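Taken in order, these protein sequences are the chains called A and B.
When we follow my numbering, the leftmost residue of the first sequence carries the number 1, and every step to the right adds one.
When we follow my numbering, the leftmost residue of the second sequence carries the number 487, and every step to the right adds one.
Hints were generated in silico from the structure; no laboratory data involved.
Treat the hints with care, since some could be wrong.
Subject to a maximum C-alpha distance of 30 angstroms in a straight line, what follows is the list of computed DSSO-like cross-link-like pairs (lysine-lysine) [stated by the list, open to error]: (1) B:K581 <-> A:K77; (2) A:K133 <-> B:K723; (3) A:K255 <-> A:K172; (4) B:K723 <-> A:K61; (5) B:K883 <-> A:K77; (6) A:K83 <-> B:K873; (7) A:K83 <-> B:K581; (8) B:K779 <-> B:K740; (9) A:K83 <-> B:K879; (10) B:K572 <-> A:K133; (11) B:K825 <-> A:K83; (12) B:K872 <-> A:K76; (13) B:K883 <-> A:K76; (14) B:K841 <-> A:K133.
Remember, predicted model here, so these are calculated numbers, not experimental data.
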Amino acid sequence: MNNNDLFEAVIGLEVHSQLLTKTKMFCSCPNIFGLEPNSAVCPVCLALPGALPVINFEGVKLAVKAALALNININKKSLFARKNYFYPDLPKGYQISQYLDPVSSDGYLNIKTDGGGKKIRINRLHIEEDAGKLIHIGNRSYVDLNRAGTPLVEIVSEPDISSAAEAAAYLKALREILVYLGVSDGNMEEGSFRCDANVSVRRKGDSKLGTRAEVKNVNSFKFVEKAIEYEIERQIDIVLSGGSVIQETRLYDSKENTTRSMRGKEEAHDYRYFEEPDLPPLILSEEFISEIRNSIIELPEAKRGRYVSEYKLTEYDAEVLTQDKDIARYFEDLIKENNGRVEIKKLANWVINELLSELKVREGEGRSLIKAQDFLELITAVESGSINRNTGKIVLAEMLSSGKKAGEVIKENNLAQVSDDKGIEDIVKQVLDENQKELADLIGGKDKLFGFFVGEAMKKTKGKANPKKVNEILHRYIENYKSGRS
Amino acid sequence: MDGLYKLTIGELSDLLSKREIKSVDILNSYIQRIKEKDPQISAYLYNDFEEALQNAEAADKIIASGDDFPSLTGIPLSIKDIFLIKGKKTTCASKILDNFISPYDSTVVKKLKENNYVFLGKTNLDEFAMGSSTENSAYKITKNPYDLNRVPGGSSGGSAASVAADLCAGSFGTDTGGSVRQPAALCGVVGLKPTYGLISRYGIIAFSSSLDQAGVLSKDVTDAAIMLGAVAGFDEKDQTTRRFEVKNYAEIVKKADKSLMKGLRVGIPAEFFSDGLDPEIGSKISEIKALLKELGATIVDISLPDTKYSVATYYIIATSEASSNLERYDGIRYGRRHKEEDGKEIQSLDGLYRKSREAGFGNEVKRRIILGTFALSAGYYDAYYKKASLVRKLIIKNYKDAFGKADVIIGPTSPTPAFLIGEKTADPLSMYLSDIYTISVNLAYLPGLSMPVGVVKNPTKDGGVLPVGLQIISPWAMEDRLLSVAKIIEDEVGKYIRK
Ligand SMILES: [Zn+2]
Chain A
1 MNNNDLFEAV
11 IGLEVHSQLL
21 TKTKMFCSCP
31 NIFGLEPNSA
41 VCPVCLALPG
51 ALPVINFEGV
61 KLAVKAALAL
71 NININKKSLF
81 ARKNYFYPDL
91 PKGYQISQYL
101 DPVSSDGYLN
111 IKTDGGGKKI
121 RINRLHIEED
131 AGKLIHIGNR
141 SYVDLNRAGT
151 PLVEIVSEPD
161 ISSAAEAAAY
171 LKALREILVY
181 LGVSDGNMEE
191 GSFRCDANVS
201 VRRKGDSKLG
211 TRAEVKNVNS
221 FKFVEKAIEY
231 EIERQIDIVL
241 SGGSVIQETR
251 LYDSKENTTR
261 SMRGKEEAHD
271 YRYFEEPDLP
281 PLILSEEFIS
291 EIRNSIIELP
301 EAKRGRYVSE
311 YKLTEYDAEV
321 LTQDKDIARY
331 FEDLIKENNG
341 RVEIKKLANW
351 VINELLSELK
361 VREGEGRSLI
371 KAQDFLELIT
381 AVESGSINRN
391 TGKIVLAEML
401 SSGKKAGEVI
411 KENNLAQVSD
421 DKGIEDIVKQ
431 VLDENQKELA
441 DLIGGKDKLF
451 GFFVGEAMKK
461 TKGKANPKKV
471 NEILHRYIEN
481 YKSGRS
Chain B
487 MDGLYKLTIG
497 ELSDLLSKRE
507 IKSVDILNSY
517 IQRIKEKDPQ
527 ISAYLYNDFE
537 EALQNAEAAD
547 KIIASGDDFP
557 SLTGIPLSIK
567 DIFLIKGKKT
577 TCASKILDNF
587 ISPYDSTVVK
597 KLKENNYVFL
607 GKTNLDEFAM
617 GSSTENSAYK
627 ITKNPYDLNR
637 VPGGSSGGSA
647 ASVAADLCAG
657 SFGTDTGGSV
667 RQPAALCGVV
677 GLKPTYGLIS
687 RYGIIAFSSS
697 LDQAGVLSKD
707 VTDAAIMLGA
717 VAGFDEKDQT
727 TRRFEVKNYA
737 EIVKKADKSL
747 MKGLRVGIPA
757 EFFSDGLDPE
767 IGSKISEIKA
777 LLKELGATIV
787 DISLPDTKYS
797 VATYYIIATS
807 EASSNLERYD
817 GIRYGRRHKE
827 EDGKEIQSLD
837 GLYRKSREAG
847 FGNEVKRRII
857 LGTFALSAGY
867 YDAYYKKASL
877 VRKLIIKNYK
887 DAFGKADVII
897 GPTSPTPAFL
907 IGEKTADPLS
917 MYLSDIYTIS
927 VNLAYLPGLS
937 MPVGVVKNPT
947 KDGGVLPVGL
957 QIISPWAMED
967 RLLSVAKIIE
977 DEVGKYIRK
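Extracted from the complex, chain B is given alone in its bound form (with noise of 0.2 angstroms):
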C-alpha cells in the first residue's frame, strides 16, 4: 500500500488488526520518507532503522497471535531526545551529554516498549528545552516543513515537524511552559501537555521539575487521545504523579458529538487577545468562537488578570530550578569531561567543572543557569524566587476563579505563527514572549491542547501559507473534556492540514 507515512495511528491500527498491513510495510513507508525528507527538515537526531526493524517484526508476530494488543502495537514513532531508553544515545541536544548512553528506560519509554511500539528515533530539541524555536540545539537546526526558511517551533520542535512532515505517526515530547503545543501551532500538527502529574517524568530529563510534563504530538485528536493512554498514570518512581483514574481517552474521544456543545460555556480570557496578538490570528480564532456558539455553546467572557506576569514569572521558577537541576552535569561520572589542550585530565577540581560546563552547555543554557542561580541567591530569594512562587498560586486561583463561570478556556496558542530562522535569536526576551499564552498553564498545573484551525498567509514565501493554533485549556485532569472539545472542532474545521 502506498503512502502509509501519511495515515493517523487509528488509521494504520485499524488496517494492523484488519491484517491488511504489516508493521513492517508501515516502517518501510516511514524510512524511505525520512530519507528523501529528513534532509532538508533535520527534524531527528539520529535514527536507529536496525531497532526499528526489530521492533516492527516483533510487533507482527504480536499481531498475528491474537487479536488482543494495544493500539501503539507496530506504529512507528519519534521520540524527544530527552526521554532516556536504555542502551541509547540521549544528548538533550547538548554538548555536556555527547557520550551519554542511558542504562536505563524512562517510563513513558517503557510503557512504549509494553506497548510494542516501533522506535524510529530521537528527534531535535532546543538545549534542554530550553527555548522556543529549536535553534538552541547544539548539533542542528530544524526547518519547519511549511517553510523552510521558518523554525518549526521550541523546545520539541524535532518532535513537531516530524508529525508535520510525515517523518513519524507520532512523536513524544515535553512541555515546560509550551513546548509542545508552540511548536504543534507553528507545524500545524495537535499538541497535547496534559495535567502536570498525569505522565511520569522519570527518566525524562529535567529542566524545570515543578512544570515539566511528558505531551504528545500527533496528526490528529483521537491519535493523541491513543498516545496519552498509553503512557498516563501513576508511577512510584515519580511521586508527583497523582493517582488519577486513567480513562479511556480513545474511547471518550472516539464518543465526542456534537450535541456536547450544547451549553457548554467556552471562556475566552481578554488577556490572550493582547497587543502582541496577530491580527490574522486574532480573527482565526474568533472564527473558532462563531463556530461553537453556531454548535450552541456559551461564550463567556473571562479574565485572567495575573497572566500578565506569567511569563516573568516562569522565567524565575524555570531558571531556579534549572540552575539546580543542571547541576549534576559536572563532568565527574558521566556525560563531557573538558581536559587539557594537551589532553591531560584536568588537575584542579574547580577547573574541571569551570571547564567542562563552559565547554558542555550553549549561550542559553548558561544564562539561564546564572538567572535561576542569582534568583535562589541569598538576598534575592525573597525579592525573586520567592515572589515568583507567590504570584503563581495567583494565577493558579485566577483560573480557578475562571472555570467557575467557563467548562474550557479557549485562545491562540502562539501570538505570532512560525518566524524565520534567525528572527529572535538576538532578542531572548523577544523569544520568551512566544510562550506568553502557553506558560501560565504550566505555572497552574493544568492541562493544554494545541490543534490547527486554518492557515495564515506566509508573508516571504509566494502562495505559501504557515498554520494557525488553537489552544483550548480545561480544568486540572479533565483531559477527557479537553479532547472531546478538540475532537468535535476537528470534526467541524477539518483534520490535520496537509502540505
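So that you can see chain A by itself, here it is in the shape it has in the complex (with noise of 0.2 angstroms):
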C-alpha cells in the first residue's frame, strides 16, 4: 500500500481574477495590460495627499455576473475594507477590499471528477483593487503603477477539494465561466488570473484538519497542479518522518518543481482591516441584481447538456463547439438562419471540421468571422452539389480572407462544377484520346486504372466538374469501348 493512500489532502483556493472593465476600480485610468509604465495613473491611483476613491460600477456589475454565474449570495449591502501594509507597488499603504460584508457569500461551483462530479462550496467572492508592479533591474527597484487600483475579484473556495486534479478542474470551470462571461480574460501567464492554494493533509479518518501552508507564486493551470502535488508530498513525508507542519506561506518554483518557505516579514502582516470610510457602504438594488442576472447568457455547462439532447451532438463535438463563447453563439446563429434545411450535424461538422481548422491556420492575425447567413450560403452550394466538398473549402479560405460572399467567389473564379454531361463527356473524351496506352490497358482488364482517367479528367476542370457525373460518363465509355462500339 501506497503511503500516500494513508492520508488526505484538503485544499481550498482563492482565485484572484482581474476584470474586464475600461477603466480602474476606484478611479477613471484606463484598464489596459502593457501600456508604457506609469502612463496609466492619476492623483487617485498614484495615492497624492487628498486624492479619493470612487466606485466603478461597471466593475461591480462584472463582480456581480461573477457572482450570480457561480451560484454566491449576493449581499444587498457591502463594505469596503482597508487593507493596511506598507510596500512600493501599494501607494495608499492600504488595499481597497472588502473584508467583513463582501459582496456576496456562500455559492458552490460544479467540477467534473475521476469518479464523476463533485461540488466545491465558494465561501466568497469579494472586489477588490490591483497592486502597481515592481521591476528589478540589477539592484535597483523600479516601480509602475498602471496596475494600481486594477479591479479584481477575490474568490474563495471552501477546502473542499481533495487533489491536485481536483484543484485544476475547480480552477479550470471557474476561468471558462468567468472567460464566458467576459468578467475576465483568465490569462494566468499575464497575471490577470492569478491563484493561491491552502493545503493541509490528514490520515485518512481523521477528523481534525492538518496545519496548513499557502502556496503562492503560481502562474499556469500546469503548475497549479503540479505545486499542490509536490506540496502534498511534503507534508506527508514530514508527518511519516514525524514532524510536524508549519503553517506559513511557500513559494512555488516552477523550475525546480518545489515550493519554498518566505518566512519573514512577509508573515508577520497585522493588515488592521477596518471600513474605508472614503466609501459608502455599496447598496445594490433587486432592479440592478435582476438586471445583471438577466443579462448572465447560458453558460457551457448547461450549453454542452442542451447540445447534446438538443441537437444530437456527440458529447466531443458539444464540447468543441462550446469552449470558445464566440464560436458557440456562431454554431447558434447557423443554426437559426439554416432554419432546418440543412442537418444540424452536417452544420457541426463544418464548424469543427472546416471553420475551426481554417481560424488555426490564421490565429494571430486577429479573427474576423464571415456572417454566419454567408457561411451558410457556402455550406448550401456544397450539400446540393453546386461546387464540391474540395471547392467549398477553398472558397471558404478566400471568403475569410477577402471577405467576399460565397456567390462571389465562385463566380470570379469559375468555380461553379461542372455538372453539365456535354461539358464533362468532351473532357472524359479528350482524357481518353490523350492516355491511349492506359486506355488499352484498362480495356484489357486493368480496372486500377480507371481511378487514374477520373483524376486526370478532375485535373482538367481544375477540381470543378463533379465527381459522380465524371465516373458516370467515365464508365459508359469504357463498357463501350470493352463492347468494341466506339
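Dock chain to chain to rebuild the complex, using the hints, since each chain is given by itself in its own frame.
Dropping the structure here:
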C-alpha cells in the first residue's frame, strides 16, 4: 500500500481575477495591460495627498455577474475595507478590499472528477483593487503603477478540494465561466488570473484538519497541479517522519518544481482591516441585480447538455463547439439562419472541421468571422452539389481572407461545378484520347486505371467537375470500348 | 479708499458691484496690511502676491464686462495649507511634504477659481491638522492677534488669525474635531463647519476621513453664508458628498429676521456647562440665553448624556483613520525621502520607510499614528475601534433625541479663552480637552458654527481682552437655520469684535 493512500489532502483555493472593465476600480484611468510604465495613472491611483476613490459600477456589475454565475448569494449591502500594509507597489499604504460583509458569500461550483462530479463550496467573492508592479533590474527596483487600482475579484473556495487534479478541474471550470461571461480574460501568464492554494494533509479518517501551508506564485494551470502535488508529498513526508507542518506561506518554484518557505516579515502582517471611510456602503437594488441576472448568457456546462439533447450532437462535438463562447454563438446563429434546411450534424461538422481549422491557420491575425448567413450560403452550395467539398474549402478560405460572399468567390474564379453532361463528356473524351496506352491497358482488364482517368478529368476541370458525373460518363465510355462499340 | 482690509466680503462685493473700487485696490490694501502685521502674527506659511495680482486683474476685467458675477469675484482669501492648489506648494505644515507641489486642484479651490477669487496665500496649521493651537506646525508658531503671547487655537489657527487680524477677507479651513470653530472662538471670528458631506473633501489632505469637513472662517455671518454657498455641493470625485439641495445661504441670511426667534426651541445641554468650563465664558453664554429668551425663544434644558465619551471616541476613530491615511507618506513617490548622511540613497526598503517617516513627521503626528495603529491592531480592534464606532452611534442618537426637543442647540465653543503659547504642549490630554464641546458635532456629522459674542478679561495683559465664542449646532443639513439664528444673534450683540 502506497503511503499516500493513508492520507488525504484538504485544499482550498483563493483565486484573484482581474475584471475586464474599461477603467480602474476607483479612478478613471484605463484598465489596459502593457502600456508604457506609469502612463495610466492619476492622483487617485498614485495616492497623491487629498485624492479620493470613486466606485466603478462597471466593476461592481462584473463582480455581481460572476457571483451569480457561481451560485453565490449577493449581499445587497456590502462594505469596503482597508487592508493596511507598506509596500512600494501599494501607493496608499492600504488596499481597498472587502472584509466583513463582502458583496457575495456562500456559493458553489460543480466540477468534473474521475469519480463523476463534485460540488465545491465557495465561501465568498469580493471586490478589491490590484497593486502595482515592481520591476527589478540589477540591484535597482522600479515601480510601475499602471496596474495599481485594477479591479479584481477574489474568490475563496471552502477546503472541499481533495487532490491536485480536483484543484485543476475547479480552476478550469471557474476560469471557463469567468471568460465566458466576459468578466475576465483568464490569462494566468499575464497575471490577470491568479491562484493561491491552502494545502493541508491528514490521515484518512481523521476529523481534525492538519496545519495548512499557503502556496503562492503559481502562474499556470500546469503548475497549479504540480505545486499542489509537491506540497502534498512534502507534508506527508513530514508527518511520516514524525515532524509537524508549519503554518506558513510558501512560494512555488516552477524551475525546481518545489515550494519554498518565505519566512520572515511577510508573515507577520497585521493588516488592521477597518471600514473604508472614503466610500459609502455598497447598496445594490433588486433591479440592479436582476438586470445583471438577466444578462447572464447560457454557461458552457448547460450549453453542452443542450447541444447533446437538443441538437443530438456527440459529447465531443458539444465540447469543441462550446469551448469558445463566440464560436458557440456563431454555431447557434447558423442553426437559426439555416431554419432546418441542412442537418444540424452537418452544420456542426462544417464548423468543427472546416471553420475552426481555417481559423486555427489564421490564429494571430485577429479573428474576423464571416456572417453566418454567408457561411450557410457556402454550406448549401456544397450540400446541393453546385460546388464540390474541396472547392468549398477553397472558397471558405477566400471568404475569410477577402470578406467576399461565397457566390462572388465562386463566380469570380469560375469555380462552379461542371455538371452538364456535354461539358464533362468532352473532357472525358479528351482524356481518353490523350492517354491511349492507359486506355488499352484498362480495356485489357487493368481496372485500377479507372481511377487514373477520373483523376485526369478532375485535373482538367481544376476540380470543378462533379465527380459523380465524371464517374458515370467514363464508365459508359469504357463499357462501350469493351463491347467494341466505339 | 483707505482701510479696505477692514471690510467684510459683503461690503467689498457691494463696492465692487458699484464700481467704486477695484479688486486690485482691495488686494493692495491687504498686501500692505500683511507686510505690516504678519511678521508678528505669522498667520501665513507663504503668500503669492504675483498670483494674487493676476487674479485681481482678471477679476476686475470680469467685473468691468458685466453685472453678473459670483459674489467672491475679486475677493482676496487665504487658504489653509491643507487644500491642494495646482502648481502650488502644499505642505500641511509637515516636513514630510516640504517639497510637494500639487499637480491638481482640490474641488474647493476649483470652485473658488470659478468664483474668480483672489488667492492671497496659504495659512499655517497644526501638522496634518492634528492639534488645537497651531503649535504643532513644523514651520512656525502663529500668534493670537488679541495677544501675541497666546495661541490662535487650531488646527486652522493661521486661517483664524488671518481673518481676525484683517490679513484677508475670509479663509477656508478644515474641521475634524473643532479645527474651524475652536480657533474662530479663540480669535473672535465666525467659524462654520457644515454637515459632513456638504463640501467635497477631494484635494484636501486627509486626517480622519469620516470626520474631516471643510469649513469657512469669516468676519461675519453673512460672509460665512456667501463663502459656504460658493463651495458647497455634491462632487462626483468625493463619494461621501451628498446630493443635498444647496440653498442660497446668503439670501436666506439676508432675510433672517428677529421674528424667526418667536417660539424657536433653543436647547441647552447640561453637559456643555460642566466642571472644565471657564466661569466667565459660562456667564457670557448665559447672557446669550437670556437674550434669546427676550427675543421670544423657548429655552429647553436638554441632555447629551454620552458626550462625556466623545473625546475618547474621537481620539480612537480619528487616530485610527489617520494611521491609515498617513501611510502614503512613505518617501517613495513624492514628499521627503530621507538619505544617508553621505547623501546616498538608503539601501533597505524598511530603512527608507522608517527614516523618511521618522524625520518627516512631528511628535504629535507620530503619537497619533502610534495610537491609531494600536487601536486597529489584531486583538485590540474590538476593544477600541469597534467600541468607539458603537459609541459614535450613541452620540448620534443623543443628538437625534435632543433635536426632538430643540430646534437648535447652543453652548460654548471652547472651555477656555485663548491659552498661552506653550501652556499645554507638555500635556496632550489637556490640549485634547480644548475641543470637548466641538468634537461630538463631528462624530454626529452635524453642522456647527462658532461666533464671537463678547470678550473676557485677559489675565496676563493689562486692559487686554480675549474673545468668547458661542457654538450653535443645528440638525443635519440645516445650515439655513443655523446661519439664520447666528445672523439674528449677531445683529443683537454686534458684529465682529474689533481689536
Ligand atoms: Zn488613476
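Output the indices of the hints that this structure fails to meet, ascending. Number 1 only.
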